[in-house]
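Line by line, the protein sequences give chains A and B.
Numbered per the numbering used here, the first sequence spans residues 1 to 255.
Numbered per the numbering used here, the second sequence spans residues 256 to 703.
Please keep in mind that the hints were generated in silico from the structure rather than gathered at the bench.
Quick caveat, the model's predicted, so the values are computed rather than measured.
C-beta: ideal position from N, C-alpha, C; glycine also.
Treat the hints with care, since some could be wrong.
[To be verified] Looking from chain B toward chain A, a few residues come up when the C-beta cut is under 10 Å (computed):
no., residue
1, Arg290
2, Asp292
3, Tyr307
4, Leu320
5, Gly321
6, Leu354
7, Phe356
8, Gln358
9, Phe389
10, Tyr498
11, Gly500
12, Met503
13, Val512
14, Glu621
What follows is the residue order along each chain.
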Amino acid sequence: MARGVRGPVSLRLRVRLLVLVIAPCPQPVGAASLLPTTISAMSKQLSFKLVLLGESAVGKSSLVLRFVKDQFDDYRESTIGAAFLTQIVTLDDGSTIKFEIWDTAGQERYKSLAPMYYRNANCAVVVYDITQSASLDKARTWIRELQRQADPSIIIALCGNKSDLEARRQVTKEEAQKYAEEEGLLWTETSAKSGEGVTEIFNTIARKLPTSPPPGARGATTSASRAAPGANGAPRGVDLNKQPNAAGGGDACNC
Amino acid sequence: MDEEYDVIVLGTGLTECMLSGLLSVEGKKVLHMDRNDYYGGDSASLNLTQLYRKFRPGQEPPAELGRDRDYAVDLIPKFIIASGGLTEILVHTDVTRYLEFKQIAGSFVYRDGKVHKVPSNEMEAIKSPLMGLFEKRRAKKFFEFIQNYKADDPATHKGLNLDGPMSAVYEYFGLEPSTQDFIGHAMALHLDDDYIKEPARDTIDSIILYTASMARYGKSPYIYPLYGLGELPQSFARLSAIYGGTYMLDKKADEIVVDDNGKFVGVRSGDETVKAKQVIGDPSYFGAGASGEGGKIRVVEEGKVVRAICILKHTIPGTDDADSVQLIIPQSQVNRKHDIYVAMISSTHNVCAKGIYVAIVSTVVETDKPELEIKAGLDLLGPIHDKFVSITDLFTPTSNGKDDNIFITKSYDATSHFETVVDDVHDVWQRVTGTKLVLKKRELEVES
């Protein structure tokens, strides 16, 4: 085609993004380098899609709740209501990144997670329950699926949750760590209940993420361009939320 | 599975997923099942392995087509009208947050052996060879009328009876048959010429939808979701799940269980039966296409569509190298009753490997040699690298479901867009809930 610009038309409005997200908790969560901040329009901020995977009831949602809101609920029902949560992490050099954290919404329960879920994920936290050895097998299945389907540059963290239940441990640290090393995964144990290890694992992931968005990755590129319009070159895609603009585009009469 | 649900939904096509999502948001307890191990049913987008499994069982996809996961080939060729009903539902449910859209680069129409661009602005219209100079003036008057038209203001109706036939409107403006063809088929997107005798109001609404959609993003009235149409049902399924919907893929629905009065009781899968107050499903779960099956006839065939998925290694000749197009061959050009549609997309929309173009040629079947009926479309494509042809029955339910609580959706028709799918969603919603579907803007969460 002769014309230079093809396809991309308008930015998703930044305002739109702001009303979509559930606001991050204003309190510091754990480590000093992990202070959540509010979005500054001036700072260059990259946004990354993080997906949670793992068997039902291993504590995926609880981990995120601890990370984003520093809360824990012993009798948490299966996930309802939140499309995704966001949390902003400040790196050692003062720059910030934003995690757009996708929960499974229970769709993993009957092997019904849609491919759309992990499409363009920049990072994945695959969770197992240290008191259920079967949940590690399930985690291995998810990791194989990610290696097959997801972007090859995806950062995968294997996370043994419920470390506060040491007495009921079925999965040894050595076994999980050895597997993680073989597959090139990050690994740690966490307790969403006590908070142990939770911020650290997200922090570790944040440090491993590229400082510029990988070309072509939907999550990273658009989110980055949404958060910092123009910082990322040409916008992609059309914004359905944009109202028809009389000044732009063609005339209503086409003949 | 021993819980009782408000609604069981069978099949994860777009219609069913939209209903499931909307019902879950409304607080209904939904169980959604699909016999396949993937989302989307007939509105799925397939990777190469799935495509070959469906059309060429036992044959491996050729390595030269590239990576399996680069492909998302739609089974049903449709585009989203930018200002249409599907966009409204996408925006109002906030499902847009899971999706990214791009424009379709151009809209074309076939006339006298040549492919012409449908003008997308006034400059293109002035230069377009589709009309002669005097006809352009008459057409300009017609479009000025469209631009000023307000449905409820008779002063803008030029004294025309808009409940009368469209032919009278064409006559009033003195438009030539070829211009009528262009307006009725390339803009109002009618599949055949029946509309000429039908109330003008509907056609005028369709033209306004087209021009408003064209004005919205500039190049064509259509947008398309990256990674294929199969993303649409998945997004609505996620919406449903987020509001508590339960999802089960790879689950057979062996029997629709009814009581002595024929009222719906539950769905049997293997030796377990899940109970619910109502069931919604696509025709394939209610005996469509099954021969010799006993019991009540719940769906009837209302016609057939022939579709040919064509793998190309070049853009369509005469379309200025556009990476995505709609091309309409009006029925009058090829002595048919129904138009032939060509929809082409490419790696720009992340549906195939670079250098590959996927065109789907389709039409409503009129003869007993359906493949011959799309020849005029296939001939416009240039060399076809590979081709997958299907002939699909279109089913429609025999009853409205009010007596038996069984609500069946319609098959995806031959239109090039989703407006009739959205109509079906509104219709089923009204039958299931007894109220009109009102799209409420979801409460905004404002950043603190």
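A quick look at each hint next to the structure:
1. Arg290: 13 Å, violated
2. Asp292: 8 Å, holds
3. Tyr307: Because about 18 Å separates Tyr307/B from the closest Cβ in chain A, which is outside the 10 Å limit, the hint is violated.
4. Leu320: Violated - the Cβ of Leu320/B stays beyond 10 Å from chain A, reaching only about 18 Å at its closest.
5. Gly321: 15 Å, violated
6. Leu354: 8 Å, holds
7. Phe356: 5 Å, holds
8. Gln358: 6 Å, holds
9. Phe389: Violated. Min distance 13 Å.
10. Tyr498: Interface hint status for Tyr498/B: holds (7 Å vs cutoff 10 Å).
11. Gly500: At 8 Å from the nearest chain A Cβ, Gly500/B passes the 10 Å test, so the hint holds.
12. Met503: Check passed: Cβ of Met503/B comes within 4 Å of chain A, closer than 10 Å.
13. Val512: This interface hint is violated because 20 Å lies over the 10 Å limit.
14. Glu621: Violated, because the Cβ-Cβ distance from Glu621/B to chain A comes to roughly 30 Å (cut-off 10 Å).
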